[in-house]
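K.L.:
In order, the protein sequences belong to chains A and B. For any residue, its number in my numbering is found by taking its place in the first sequence, counting from 1, and adding 1. For any residue, its number in my numbering is found by taking its place in the second sequence, counting from 1, and adding 1.
FYI, nobody ran anything at the bench for these hints, they're computed from the structure.
Since the list gives no way to pick out one identical chain from another, each pair is judged satisfied if it fits inside one copy or across any two copies.
With a cut-off of at most 25 Å between alpha-carbon atoms, the simulated DMTMM-like pairs for lysine to aspartate or glutamate come out as follows: (1) K164 x D22; (2) K26 x E160; (3) K26 x D80; (4) K26 x D238; (5) K26 x E169; (6) K205 x D276; (7) K164 x D88; (8) K164 x E103; (9) K99 x D86; (10) K292 x E230; (11) K26 x E162; (12) K99 x D88; (13) K99 x D80; (14) K26 x E173; (15) K99 x E162; (16) K164 x E21; (17) K94 x E160; (18) K26 x E163; (19) K99 x D87; (20) K286 x D238; (21) K41 x E260; (22) K277 x E60.
Keep in mind that this is a model prediction, so the values were computed, not measured.
There are 2 protein chains.
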Amino acid sequence: MDDRLQRIEAALEHFIPAREDSLSKTVNAAMRYTLLDGGKRVRAVMTLAFAALCGGREEDAMPYACAIEMVHAYSLIHDDLPCMDDDDIRRGKPSNHKVFGEAQALIAGDGLLTKAFETALCPEAVQAIGAERAARAAYVLAECAGETGMVGGQCIDLETEEKPATLETLREMDIGKTSNLFMAACMMGVIAGGGTESEIEAAKEYALHIGLAFQIRDDILDAVGDAAELGKSTGVDLQNGRGTYVTILGVERAQELVEENTAMALQILEIFPGDKTFLRDFATKMVWRTK
Amino acid sequence: MDDRLQRIEAALEHFIPAREDSLSKTVNAAMRYTLLDGGKRVRAVMTLAFAALCGGREEDAMPYACAIEMVHAYSLIHDDLPCMDDDDIRRGKPSNHKVFGEAQALIAGDGLLTKAFETALCPEAVQAIGAERAARAAYVLAECAGETGMVGGQCIDLETEEKPATLETLREMDIGKTSNLFMAACMMGVIAGGGTESEIEAAKEYALHIGLAFQIRDDILDAVGDAAELGKSTGVDLQNGRGTYVTILGVERAQELVEENTAMALQILEIFPGDKTFLRDFATKMVWRTK
Chain A
2 MDDRLQRIEA ALEHFIPARE DSLSKTVNAA MRYTLLDGGK RVRAVMTLAF AALCGGREED
62 AMPYACAIEM VHAYSLIHDD LPCMDDDDIR RGKPSNHKVF GEAQALIAGD GLLTKAFETA
122 LCPEAVQAIG AERAARAAYV LAECAGETGM VGGQCIDLET EEKPATLETL REMDIGKTSN
182 LFMAACMMGV IAGGGTESEI EAAKEYALHI GLAFQIRDDI LDAVGDAAEL GKSTGVDLQN
242 GRGTYVTILG VERAQELVEE NTAMALQILE IFPGDKTFLR DFATKMVWRT K
Chain B
2 MDDRLQRIEA ALEHFIPARE DSLSKTVNAA MRYTLLDGGK RVRAVMTLAF AALCGGREED
62 AMPYACAIEM VHAYSLIHDD LPCMDDDDIR RGKPSNHKVF GEAQALIAGD GLLTKAFETA
122 LCPEAVQAIG AERAARAAYV LAECAGETGM VGGQCIDLET EEKPATLETL REMDIGKTSN
182 LFMAACMMGV IAGGGTESEI EAAKEYALHI GLAFQIRDDI LDAVGDAAEL GKSTGVDLQN
242 GRGTYVTILG VERAQELVEE NTAMALQILE IFPGDKTFLR DFATKMVWRT K
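Next up, chain A with everything else stripped away, as it sits in the complex (with noise of 0.2 Å):
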């Protein structure tokens, strides 16, 4: 595991290098500030470990793991900006606006989302795994980061802020926000590594659960965990009339849909003939992570 971070530390370096001469470092340094420091890396190595799983190389997924960790970025910093969710801590420090201006800010998480779509389709990605696989990888990329996706979740967010919301509610916008990135991160995997239309379609699967899971599991801790632990201040959903999974089923239900999730996840791993061990064992780590 730490090998394989440090490999994707290196790739994003590598696909956003230091431009320290240009006339435009503000918004480089702004960028690299958010992608390169700190982070859990799940999605990148979700891109991976799914790649692998289908008996691709991991190198060859490595500008879609980066990719993943871009447009992830990028929505944390136009989330922490005032108009949305106005939050001056992220991991601990403080947030990209915070350090570099609203304007810097707004444009670097542009500048990331750009990114991401330059590094899923750049010479050495394409020349790797060819323009057919590249091209679907970034279109599902597009899909799920956008207007139908997490973008829409953004949306369903901003719209029931402050008035209770059902769960449906809360499960779609839950989906949007989380569970598609996650989705991205594992088709784009399987489609570099090669896997099959079905095996595509596991993978969807897979991050759709995995991300209500991490999701439903964050409600938790923003309820119940550590904010120095987390590296974010905590209570933040409690503040907002719209509640929660664990202001609508309390903690022990909520905690129950994590561990269900976490499950139907396991079990759509089985169609994959590989060495499942890894992800078998990532899903179930996420059930009690505290942080």
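Guided by the hints, dock chain B onto chain A, whose structure is given.
P.N.:
Just chain B, lined up with the frame of chain A:
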């Protein structure tokens, strides 16, 4: 021309249909508000014209014509936000965030940028021109729109505010902010139309100069144009200590630069064997445009 514009509008509507029954209908409405209303479609028309010039079919280039308009629309929305230019009026109407609020405008921009890549790589686009060319076109779009392209230009814009700038800095800013989207438009047209590498390069050069001509003419119109005719505020640049081509060189010399850049663009066109009338007229018309 009118027929072309109608086909562009219909295609944009096709790629981002209304989703009024969706929980995320607000971001969809915000995306459509800026994308579908008004606009000269200059970039889209260039994409189609270059595809035709290379002997390609305009309909095959339509996803790329739409993609460039989506990127342009996203850039307008984010530019108008309070932390950027803080502009309340766009094309004679309230700007996006005045109608939908800052948060929805922010994610509508994100959604449009993402949708541009979804459109460029959608199954119908890939089927029409092949994955190789689709991936190449989308890659060019990302390069031109990102941190070393348009986003880089925005960064220079922010960094040089209030401080007197050199002509060299203005040029780099304008190439970033304006030429890059023209470059993507023209290059994608050639790629979709099946043009050669040297035609892609020529399209890039044409666009570079057209973009500079367009932007310098914009500076002139900001200084001496009519706000009602333009549909936006004038005199904005003059309040900024940075200066423009007009404040540094005067209107007359700035207009000469418009003409020089247009002449260079016209000359580059000569390498194309096809019918250049439209792109020639198009460039020439921009030299004296008043809106």
